Structures are given as structure tokens and as C-alpha cells.
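Could you build all of it, start to finish, from the sequences and the hints given here?
For reference, each letter of the sequence shown is one residue, going 1 to 461 in the numbering used here.
To be clear, the hints were calculated from the coordinates, so they are not data collected in a lab. Since this is a predicted model, take the numbers as computed values, not measurements. Virtual Cβ for every residue (Gly too), placed ideally from N, Cα, C. One thing to keep in mind: the hints can contain errors.
As the list claims (entries may be wrong) - Now the in silico label distances, taken between C-beta atoms and shown as ranges:
id	residue 1	residue 2	range
1	Lys68	Ile283	23 to 29 Å
2	Thr248	Arg154	38 to 44 Å
3	Ser461	Ser21	32 to 38 Å
4	Lys79	Pro123	20 to 26 Å
5	Lys454	Pro123	41 to 47 Å
6	Asp361	Leu93	16 to 22 Å
7	Ala325	Leu93	29 to 35 Å
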Amino acid sequence: MRVAPFSEINELFGRKLDDPSVYSTENYSFLKVFQHALSYSLNEVDSKLIKNYLHLPLWLIHLIYKLKALKNKGKQAPKLKSTLIIEGGRHVLKADGTPVSSYFDKIKSALPSDDVSTVLAAPSSLLKGIELNQADLEAVRNHPLTARSKAMLREVKKVLRKSRASNKFKGPELEQIQSQLHIFFEGFRLFDNFIGTSKVKNCLFENHYHREGMIAALKAHGVKTIEIQHGLIARNDLYYVYDKYAATSANKAFFPDVLLTYGSYWRDVVLAGHEHTSESVQIVGDYTSFAWLNVEEGHRGKILLITAQKNMADDYVRYIDDLSARVENSHPDWKITVKLHPKEPQIEKYTEAFAHSKIVDLIGNETGLHDAMSKAKIHLSIYSTTLYDAIGHDLLNLSLQAYSSSADYAADIIKDKIAYPLLFEDDPIALLDKNWDYPLTQRSELYAEFDREKFLGLLNS
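Written as C-alpha cells, this is what we have:
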């Protein structure tokens, strides 16, 4: 498996997906599904090649699903309330140690408790009071195909035939396309069954990408689909800020009906693309549980805070190893604090590298982000959301440039005046004395105060 930079992946999308008729039917655009397939093919992600039946005749596929349904008799879908929340499971700890949802705690507190159903879309979580989980979803997957699911299966088969006849895609790409169309359909029939007996009006969730089947099913049932911003949105993103080729089919490409953003900065970034309209992107303010509302700062020590990013352990360990040697030699009275991502899957790479370091301290979810920032004089990352979070803190905010496969993402951080640039060989501590000739973006543009009434109005409109 390789990790292609976003610029290379986006170039591939622009070249292969320039003709919407190839991945669209009269009713739907499978743009994002094809994106998944092309990126997996480019990065040689064979784990995404899933056994499926889409090459078989339609009657035989129906028969296979009918046989699956025979094993699933008696399992009923739960009765859902009018607002459905798909909870990703990320949490922060309150002062008393109680975990609360990072993205949905304030949102749920704004809604009548008897009007909300929550599904945990993660294998496990420390969050309490979530009434439904993955097992509740899976229990209804193999109900008999509904008329809606049969109609969508015909659309999937149709677009698969079009992709094969187009001569636009190589063999490995076609394999991934078929696999991703299968995953899409599985998501569709799962949620078609899950919400089929309920009267859900709104569904809120984090990322829209990789949820195309869910979104398609929700829309087929007349449910308003609402994506909440769950991190940074950048111009080099794969699933935001689409080039002009997406404009003609975006309205049927399984994007959410509404995207909620923290502030005007993010809304402007999204609207530079062609997948949303000015009505479908709405600023509601910062509803997160790690929102920083207190600008008062405490004592700052000689601490350089590095916030690492998920699945980038090799890049960060290499840089921190090099930097710590230089800091220990030139600034022996300084410490480096490394805050790991809450869902970092490769923690052992950090602990093996720095467990015995004299100047590198590793911290995790037990320490709040803003608390860590209030103690440091310098904050450093590559392109993390934490660079935006640092705005407003009295510290030097630096983005490591021209490094890792995320270098194009990081370049936008500088272009948008979120952080100041740092190169691999630079001394970040020496940059404390540098007179920068431009100010960074104001915090109010990034994170407005949560507007509860506007949020409720959007749900009821």
C-alpha cells in the first residue's frame, strides 16, 4: 500500500471523472463512490476488494438476498424517533471524569430528549446512554429487499455496465468500482430496512463521505440529511471543494442536504467548490465539547507542543526524533510535549521512540487540548485541526511545510493565514523572536458561538 498525496489523487479524479455521464444514471450520480474506488486503486488498497454478486444476473442476486432473508426471520427494526443521530463515539472528559460526546453533546442538549434516537457507529465507546449500536443495525440488514432496494440495485447494475463500457478505467480500477458499488448498496439496504418502519425527519452525522448508501436511503425515505462539521475542511480535500466537473451532477451525488459549519471561514472554503449552494451550507457556531470559550491564559513554560495526527506516526516520529536532538543540544531548558490523536492506532511507535527521552513527554486524551495549549509557548503540527484550535491562544502557531504526503494540505494552512511556516531543518524556538509581517486569521471567523435557535430552526424548516 502506498500513500499518494492529495494533489495526485485529485488530479486522477479530475482526469477520470471529467465526464459525469460515465458514473451517473438518470436518477443518481455515483461520483463519490467512484472516487473511493479510484483512490483505493491508486494506493493499492486490496483490503477494500469485497466479495460481491454484482456481476451476476439480477434475478440471481434477488435469489441470493432472499435466501439471506430466510435466516433473519423475526428480527424487527427498532422504532426510531423523529431525529436520528449517527454517533461516531469520540468523547472528551468533563472535569469530574465523565465522558461526553465530542460533537453531539451540545446538539442533543438543544433537542427534546424524547425526540432523539442515537446509533453508535463505532465498535465501542465510553459514552453512556446510547440506546442503539452496530448490532442493532446489523440485525435488520438481511430483511427481504424492499421495492426501494430493488430499484437502487438496478441503478447500481446500470452504472456498473456504463463504467465497463466507457474505456475510462483500467482492470484494477474496475474491480474497485464494482466493490465500492457493492458497499454502497449494502449501506443503502441496511438503512432502508433500519428506518423503514419509523417516521424519521432529520438525521445528523459527521462525515458524508463513505456514507453514500446511508444518505441515499435516508433521502429515499424523505429524511433531511444534515452533516455536522467534524474537523478541518481544506481546498485540497478529496470530498469537499469540488472542481467544476462535479457541478452538473452534484445535486444527485449523495451529498447531504445541509452542511453545518463552525464559522464563516469554513463556509467560504466550501462554497469555493461546486458541490453545495449558499443555502445548503449554514453557520451554526461551535457545538463541540472541546470548544474553547475562556481566553484567559495561565503561566507558559518553555514548552513546544506538537499535536500529532492519526495514521501519520512514521512522519511525526521521524521529525520529533530529529527535532528533539537539536533542541536538547541548543535549548536544553526546553521540553517537547507531544499530544497524540485521540484515535491514534500506532501509539507504540511513539512510546518505543520516546519512552526514555529526557525532553519529550507523550500525552493523550487525559489532557485537554486547550489546557495543553495554555501551558506552551509554541504549537506545531502539519495540517491538523489543532492549528485552527490554537488561534486565539497566546502562542506561536507553526505548520511544518514541504514534508509528508500531506504537504499540499499544509500549504493551504499557510495560504489561509492559520499558522506560520516552518521547514524541517528550522529551529522553531528561534522563530519566537521573528517579526512576522502579517497577522493570522481571527478566531471569530473560525469558531462562532453556538447558535441554538438557528440550529433548531434548520431542523424544523
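Okay, the hints, checked on the actual structure:
1. Lys68 x Ile283: 23 to 29 Å: Violated, at about 44 Å.
2. Thr248 x Arg154: 38 to 44 Å: At 23 Å between Cβs, range violated.
3. Ser461 x Ser21: 32 to 38 Å: At 34 Å between Cβs, range holds.
4. Lys79 x Pro123: 20 to 26 Å: The hinted range 20 to 26 Å holds for Lys79 and Pro123, with Cβ atoms some 25 Å apart.
5. Lys454 x Pro123: 41 to 47 Å: violated, 34 Å
6. Asp361 x Leu93: 16 to 22 Å: At roughly 19 Å between Cβ atoms, Leu93 and Asp361 fall inside 16 to 22 Å, so the hint holds.
7. Ala325 x Leu93: 29 to 35 Å: holds, 34 Å
Violated hints, listed in ascending order, are 1, 2 and 5; each of the other numbered hints is respected by the structure.
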